[in-house]
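Student: Sequence:
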Amino acid sequence: MSAIEVLRRYYDAFNAGDTDGMLDCLSDDVAHHVNEGNIRVGKEKFAAFNAHMTRCYKENLTDMVLFEAENGTRAAAEFIVNGTYLTTDEGLPEARGQAYRLPAGTFFSLADGKITRVVTYYNLADWIRQVQ
276 MSAIEVLRRY YDAFNAGDTD GMLDCLSDDV AHHVNEGNIR VGKEKFAAFN AHMTRCYKEN
336 LTDMVLFEAE NGTRAAAEFI VNGTYLTTDE GLPEARGQAY RLPAGTFFSL ADGKITRVVT
396 YYNLADWIRQ VQ
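Take the position in the sequence shown, starting the count at 1, then add 275; the result is the number in the working numbering.
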């Protein structure tokens with residue numbers, strides 16, 4: 276399976292709210308670099324992060340552009356996050372069901388058909404302006 280095919284499966288699962296489908300695309304020791312946060316290693320920590328995000332946010336990704344390099348060992352995605360802020364996330368503005376639309380991107384490393392590294396970036400200050 277090509278890197279692009281793995282990313283399509285990963286993002287299709289994301290948009291379907293299918294955490295298990297996302298986890299199936301990851302290596303057991305995946306390194307998840309969270310925007311403005313710490314690196315979480317392993318599927319269990321990824322799943323816990325995803326559960327937290329699902330509680331606080333409802334998101335759908337559109338305008339997806341996928342890139343592949345390094346013979347399928349590196350890939351990237353650029354997209355728009357269309358979301359609703361559901362529950363107040365600690366240290367962030369109060370949630371009142373605010374809608375937001377935010378450009379974002381993710382870099383990936385892959386090995387043996389699995390994602391081994393996920394690094395997501397977005398403009399947190401822009402998101403805060405939209406939900407305040």
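Check before you lean on any hint, since a few could be wrong.
[Stated by the list, open to error] Computed cross-link-like contacts, EDC-like style, restricted to lysine to aspartate or glutamate with a CA-CA straight-line distance of at most 16 angstroms:
no.	residue 1	residue 2
1	K320	D304
2	K389	E280
3	K318	E334
4	K389	D295
5	K318	D299
6	K320	E343
7	K333	D287
8	K389	E343
9	K389	D304
10	K320	D295
11	K318	D303
12	K333	D293
13	K318	E345
14	K320	D299
15	K389	D299
16	K389	E345
17	K318	D293
18	K389	D303
19	K333	D364
[To be verified] Beta-carbon label-pair distances, calculated as ranges:
no.	residue 1	residue 2	range
20	R349	N398	19 to 25 angstroms
21	P368	G388	37 to 43 angstroms
22	T362	D295	21 to 27 angstroms
23	E345	I403	19 to 25 angstroms
24	R371	D303	20 to 26 angstroms
25	D401	D303	33 to 39 angstroms
26	T391	P368	32 to 38 angstroms
27	F324	R349	19 to 25 angstroms
28	D287	F324	18 to 24 angstroms
29	Q373	A344	34 to 40 angstroms
30	G388	R330	17 to 23 angstroms
31	N346	I403	28 to 34 angstroms
32	N313	I403	17 to 23 angstroms
Hints are computed from structural coordinates only; laboratory data are not their basis.
Remember, it's a predicted structure, so these values are computed and weren't measured experimentally.
Note that beta-carbon positions come from the ideal geometry of N, C-alpha and C, so glycine has one too.
Student: Going through the earlier hints one by one, which of them does the structure break, listed in rising order?
Tutor: Of the numbered hints given earlier, those the structure breaks are 3, 6, 13, 23, 24, 30 and 31, listed in rising order.
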